[in-house]
Amino acid sequence: MKRALFLTSVVTALLLFTGCSQKSVEVEPQEPTAGQPQAQEVTEGSDLKSISEMGEGLTEDQKMALMKRIEREAKKIYFDFDKYNIRPDQVPRVDYDAQLFNRPEAKPFRIKVEGNCDEWGSDEYNYALGLKRAKSVRDALVARGVEGERLTIISYGESNPVCTEHTQECWAKNRRVEFELIP
Amino acid sequence: MKRVFLLVLLTLGLSASDLTLEIVKEVGNEPKIAVENGTTGVESRLDKKFFKLIIGDLTVTSHFNVDDKERRVNFDDAIDQIAYRDKEYLLRYKLFYDDRGRLGARVFLFDLAQNRRIFEKSYTVSDRQRYPFIAHKIVYDINKVLNFPDVSFLRSFVIFSKYTGAKRADIVVSDYTLTYQKTIVSGGLNLFPKWASKEQRAFYYTDMSGEKPTLYRVDLYQGTRKKIISSPGMLVCSDVSEDGKQLLLTMAPGMQPDIYLYDLPSGRLERVTYYRGIDVNGNFTEGGRKIVFVSDRLGYPTIFAKEVDSRAVERLVYHGRNNSSCTTSGNYVVYSSRETNNAFGRNTFNLYLISTTSDYIRRLTANGVNIFPRFAPDGETLLFIKEYANQTGLGVLRLRYNKSYIYPLYTGKIQSIDW
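Same order as they appear, the protein sequences are chains A and B. Residues in the first sequence are numbered consecutively from 1, following the numbering used here. Residues in the second sequence are numbered consecutively from 184, following the numbering used here.
Just so you know, the hints here were simulated from the structure itself, not pulled from any lab data. Hints are not guaranteed to be accurate.
[Stated by the list, open to error] Here are some chain A residues pointing at chain B (derived, C-beta under 8 Å): (1) P88; (2) Y127; (3) K132.
[What the hints assert, rightly or not] Okay, derived cross-link-like pairs now, DSSO-like style, lysine-lysine, Cα gap no bigger than 27 Å in a straight line: (4) K63/A - K395/B; (5) K76/A - K395/B; (6) K350/B - K173/A; (7) K345/B - K112/A; (8) K252/B - K586/B.
[As the list claims (entries may be wrong)] Partial chain A-side listing against chain B, Cβ under 7 Å, derived: (9) M67; (10) I70; (11) A128; (12) N160; (13) C163; (14) T164; (15) N174.
Since we're looking at a predicted model, the values are computed, not measured. Even glycine gets a Cβ: it sits at the ideal position worked out from N, Cα and C.
Generate the whole structure from the sequences, applying the supplied hints.
This is how it looks when you write it as structure tokens:
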């Protein structure tokens with residue numbers, strides 16, 4: 001029995017390390033057959049936590065790689081010029097991010113929600129605009145079940161552009177919220 | 184007829200006392216001045232830049248009609264008075280290196296009408312990079328000798344943050360033309376520098392490199408840094424009171440950008456604005472009795488005022504649909520107003536001057552992107568950044584004289600500036 005338990009743990013850990021954490025194998029419970037006595041529930045192993053859920057067991061490099069993978073997978077949320085409300089076309093992206101941050105492998109991490117702006121009219125107001133964008137996304141994630149305690153917000157104003165050309169299209173890419181995971 | 188004349192005089196007198204009124208100065212009243220350069224043994228690049236600085240400084244005082252032709256002479260030669268029959272003053276200078284390799288300047292100011300030297304002085308700097316301050320001091324001194332209105336702004340430092348990369352910005356101290364530059368804080372994202380007092384011996388800035396934005400005070404002459412306060416989300420020191428004891432901060436402890444008053448001696452923090460949207464850019468006005476700030480409580484940013492202890496908010500600006508930054512001096516407020524929704528037009532942000540005690544509005548700029556207005560300590564001179572036709576310039580506006588000067592700027596993208 002102990003050997004089986006050990007093997008199960010190793011398999012779970014291997015699945016996690018090989019990046020297949022989204023896949024899971026569930027064994028359908030056997031339907032009780034009529035006439036047979038009530039089956040005893042076997043509880044051994046039901047409380048086992050995978051190492052990712054405990055947030056332990058990963059080396060620093062593995063943890064870093066996992067954080068970067070989640071950051072890459074997260075979808076950036078884009079905003080209209082001068083606005084900080086979430087556009088209807090961005091709602092599915094917020095849904096996706098909420099589901100992503102609620103996955104077991106993401107749960108040990110805190111998330112920095114970073115608000116960004118385009119370069120037009122840079123000053124205090126731009127930083128406040130970035131903060132309000134971060135707050136809008138943070139509130140939307142909380143409404144979708146991400147724990148508020150895991151989320152911090154910050155504004156980088158126009159200091160962190162992803163595109164530096166002087167065009168409308170480029171500026172639209174900079175008016176965004178993105179995420180950084182914190183161990 | 185006499186009454187009409189008196190009325191005109193009174194109107195002119197009124198104009199001169201209220202900077203929000205357009206002042207049309209008569210051209211050509213200022214004394215004409217010529218400049219002679221007797222420099223020897225100094226790199227030609229420095230020599231040329233120094234002459235340009237002298238001409239620029241004389242011009243920006245608005246107290247001279249400056250002949251900008253460069254005349255090379257031997258410093259000790261006699262003055263050719265016939266050549267300057269139409270001038271009132273002659274400024275002659277000589278740049279040189281002394282025995283210890285220090286950069287020095289000898290200067291005299293000659294009154295052509297009285298046919299005598301009315302000012303003579305020598306200057307030196309230990310670090311040749313600080314040569315712009317010699318030029319500024321020379322012009323400051325001759326302006327003072329002639330009893331013209333004070334031009335201390337020439338000698339004031341400017342402090343600014345400039346972007347060096349994504350999430351990276353350094354804090355730099357410079358002269359008012361941004362010719363001399365010394366980086367004070369580098370590495371990480373360092374934003375919103377603000378002088379701690381008129382003496383310009385210390386400044387505040389926001390360090391964004393940690394998890395929470397943190398406000399520090401840096402003593403420039405001791406090279407020390409002291410943490411003042413931190414806040415999640417954002418933190419900006421927007422203004423410092425006259426006595427240097429109180430700060431107006433924009434911060435967001437509850438994730439909402441609001442304005443707070445921080446009392447340095449007691450460490451007490453008092454919330455000044457309460458609004459679910461954006462309140463930023465608090466500035467003391469009317470001797471600290473009121474605070475002027477930017478808020479989007481109408482659905483777009485514009486300028487409001489309130490008393491610290493009162494909940495009542497007063498709208499100050501009824502013009503424009505996007506006035507997102509302001510600065511104050513005494514009862515005056517200068518704000519930048521976005522004139523169009525087309526970011527790629529030729530006239531996008533202009534500066535306007537108002538007074539909290541009158542209804543006048545004066546437009547200060549006419550084209551381009553004019554941002555970061557900052558008053559000099561004299562309250563009559565305004566510094567701003569101008570972007571026009573893909574070029575960036577440093578603007579100096581002499582409000583009393585209705586004149587502005589633009590210097591080309593080669594510093595990269597400026598995040599914030601204080602004078």
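Structure-based check of each hint:
A least Cβ separation of about 19 Å between P88/A and chain B goes past the 8 Å threshold, and the interface hint is therefore violated. The beta carbon of Y127/A is positioned within 8 Å of a beta carbon in chain B (closest approach about 5 Å), and the interface hint is therefore held. A distance limit of 8 Å between C-beta atoms decides the matter here; for K132/A the minimum to chain B is near 6 Å, and the interface restraint holds. Of the pairs offered as hints, the one joining K63/A and K395/B holds, with about 23 Å between alpha carbons and a cut-off of 27 Å not exceeded.
Of the supplied pair hints, the one linking K76/A and K395/B holds, its CA atoms being roughly 22 Å apart against a limit of 27 Å. Using a Cα cut-off of 27 Å, the hinted pair K350/B and K173/A holds, with the two alpha carbons roughly 16 Å apart. Among the hinted pairs, K345/B with K112/A is consistent with the structure: their alpha-carbon atoms are about 25 Å apart, no more than 27 Å. A distance of roughly 21 Å separates the Cα atoms of K252/B and K586/B; the hinted pair therefore holds under the 27 Å criterion.
Taking 7 Å as the C-beta cut-off, the interface hint given for M67/A is violated, the closest approach to chain B being about 15 Å. Given hint, I70/A at the interface with chain B, is violated; its Cβ is 18 Å from that chain's nearest Cβ, farther than 7 Å. For A128/A, the shortest C-beta to C-beta distance to chain B is roughly 4 Å, which falls under 7 Å, so the interface hint holds. Annotation: interface hint on N160/A holds; nearest CB of chain B at approximately 5 Å, less than 7 Å.
Against a cut-off of 7 Å between C-beta atoms, the interface hint on C163/A is violated, since the closest Cβ of chain B lies about 11 Å away. For T164/A, the shortest C-beta to C-beta distance to chain B is roughly 9 Å, which exceeds 7 Å, and the interface hint is violated. The beta carbon of N174/A is not positioned within 7 Å of any beta carbon in chain B (closest approach about 11 Å), and the interface hint is therefore violated.
Against the hints set out earlier in the document, violations occur for numbers 1, 9, 10, 13, 14 and 15.
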